[in-house]
Amino acid sequence: MKDYINQGNIDTRSGFGAGLLEAGQKNGNVVALCADLVGSLKMASFIKEFPERFFQCGIAEANMVGVAAGMALSGKIPFIGSFANFVTARVFDQVRQSIAYSECNVKIAASHAGVTLGEDGATHQTLEDIGMMRMLPGMVVLSPCDYNQTKAATLAAAEYEGPVYLRFGRPSMPNFTPVDDKFEIGKAIKMEEGSDVTILATGHLVWQSVLAAQALESEGVSIELINIATIKPLDEDSILESVAKTHCCVVAEEHEMYGGLGEMIAGLLARRDPVPMEQVAVNDRFGQSGTPVQLLEAYGLDAPHIVEAVRKVIHRK
Amino acid sequence: MKEYTLPEIASQIRRDIIRMVTTAKSGHPGGSLSSTDFLTYLFFQEMDQTPETWRRDGKGQDMFFLSAGHLAPVLYAVLARRGYFPLSELGTLREYGSMLQGHPSVRNGMKGIEQAAGSLGQGLSVALGAALAKKMNNDGHTVFCLTGDGESEEGQIWEAAHFGAHHGIDNLIAFTDYNGQQIDGTTQDIAGFHKDLREKWLSFGWNCFEADGHDFDSIKLAFGKGKEARGSGKPVMILFRTVMGKGVDFMEGTNKWHGKAPSEEQCTAALGQLKETMGDY
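Line by line, the protein sequences are chains A and B. Be aware that the first sequence starts at 39, since it is given in the working numbering, and climbs by one per residue. Be aware that the second sequence starts at 876, since it is given in the working numbering, and climbs by one per residue.
Because the hints were derived from the structure by calculation, they are not lab data. Computed from a predicted structure; not experimentally measured. Be a bit skeptical, because a hint or two may be false.
Said to hold, decoys possible - Cross-link-like lysine-lysine pairs, in silico, DSS-like; alpha carbons within 25 Å at most:
# : chain 1 : residue 1 : chain 2 : residue 2
1 : B       : K934      : A       : K64
2 : A       : K64       : A       : K228
3 : A       : K64       : B       : K1010
4 : B       : K1010     : A       : K86
5 : B       : K1095     : B       : K1075
Take these sequences, add in the hints, and give me the full structure.
The following block contains the structure:
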């Protein structure tokens, strides 16, 4: 396996903040809107440099979605930011009609996704957002894995013409992808070549999958590790090419097993190449308070659970 | 080409609405008929926008957003009569493959439609966003938005009200079809707060005027006051007092015709009360 150097633990939302600032510097049409969470969304540096391009919307997410849609019509590139739960579940109909159906070039910046939001508990921990957003026709769904990739994904979202859902998180996590990697929307990233099993991971669980792959390597299991940084449009060819070689896969995501990446890939495999597959995901439960590390373990999302899923799926081959 | 007066145009548009909804066998005639006069005024007299210059980004012209999307029949008829698309399309309302979707869509290439509407309460926010972008772009034109009084029961309307006042969006003129009816009954019986709708908008920090939505002089005056409010630092809400089903006696003042199509006989009776002025499509 390659060496994955942790360049320092840092939150993916800070990657968004850095990406937003750079996107704003590159393009004068980039504007930012927030629903009373600028600190959480790391928008401070953008606001400092471009105060006239920032709009505080208050705790009124539905209106924020609409205002962004209206600004997009007139050529602006709005990023709306809040916790993932509050820019999806709370305003699903507004996102559906005012952004997706109306084909508005709005970027939905969704922080604090998944259980790793931690102590705030289930009300704030969305595990359903990928499902909701991927169901909307034409919605691009990005789920980068670390600080560097979140920054790159933010820049890619700004350049892309059309609605984008950009999912990231709250806690500090290892930052291990190369600094200058360009983010290609729709392209899965093959991190490891292997022959026994394919691990398809997204978001925070990419690092957990790296740890799992390292553990399995010492047992002589050859892992092909693919980072699904774009959930929609899904890079079907790369996935099919990989499982054609390994004949089985594990899908790992910090999301409900229903409606998320795992089900998407299960559908793809059922249609095209039905190989054994295991899911590492939350099994029909709400989250709860705890530290990110505790919750990853408790909800079956950490490296040991991925190792277990790999063993299981190889046994099913 | 003959010049038509506003009442003549409005009468023809009311005929169009009745005929469209009758053919479609579904749709919303009540609010369409109550909104006919001020929308006719807006598109034929007020807005700096033409079928030739219309573009979705609204650059260098006024923009109009329909928030209460079920009023599609009146908007389609006004747009067609103003020349945004061929009159012959009006006969296709709600048909498979038609540009004239049951509620407005931006996906069928129809000129004059800025944004999808139908799920209520969303259009005012979008209009505020467009108005804000116009300010940023130093475009001195006005953004107009039509909401319903029943629609004003949606919380997002009041989120938008807060936002528009707080950000001083005074290049927006919103107006409400204040007909006092909604599907299940009167707005007073259903939601209770409509007697003081004007006070509500004023208390949210908006300029708010009431006008007779069936009197072209009153409509003109109201839009004029709305324009004068530019520079006040406050958005404008005009409450157009109207009668649901206006122009057809058996449809007037009742919620029964909010979302119901007339039968052929009822259509004939309705058309007997509405003068054909510009020629039916």
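Evaluation of the provided hints:
1. About 23 Å separates the Cα atoms of K934/B and K64/A, which keeps this hinted pair within 25 Å; it holds.
2. Restraint check for K64/A and K228/A: the C-alpha separation of about 29 Å exceeds 25 Å, so the hint is violated.
3. Distance hint between K64/A and K1010/B is fulfilled; the C-alpha atoms sit about 21 Å from each other, no more than 25 Å.
4. As the CA atoms of K1010/B and K86/A are separated by approximately 21 Å, the hinted pair is consistent with the 25 Å bound.
5. Pair hint K1095/B plus K1075/B holds up; C-alpha atoms about 23 Å apart against a cutoff of 25 Å.
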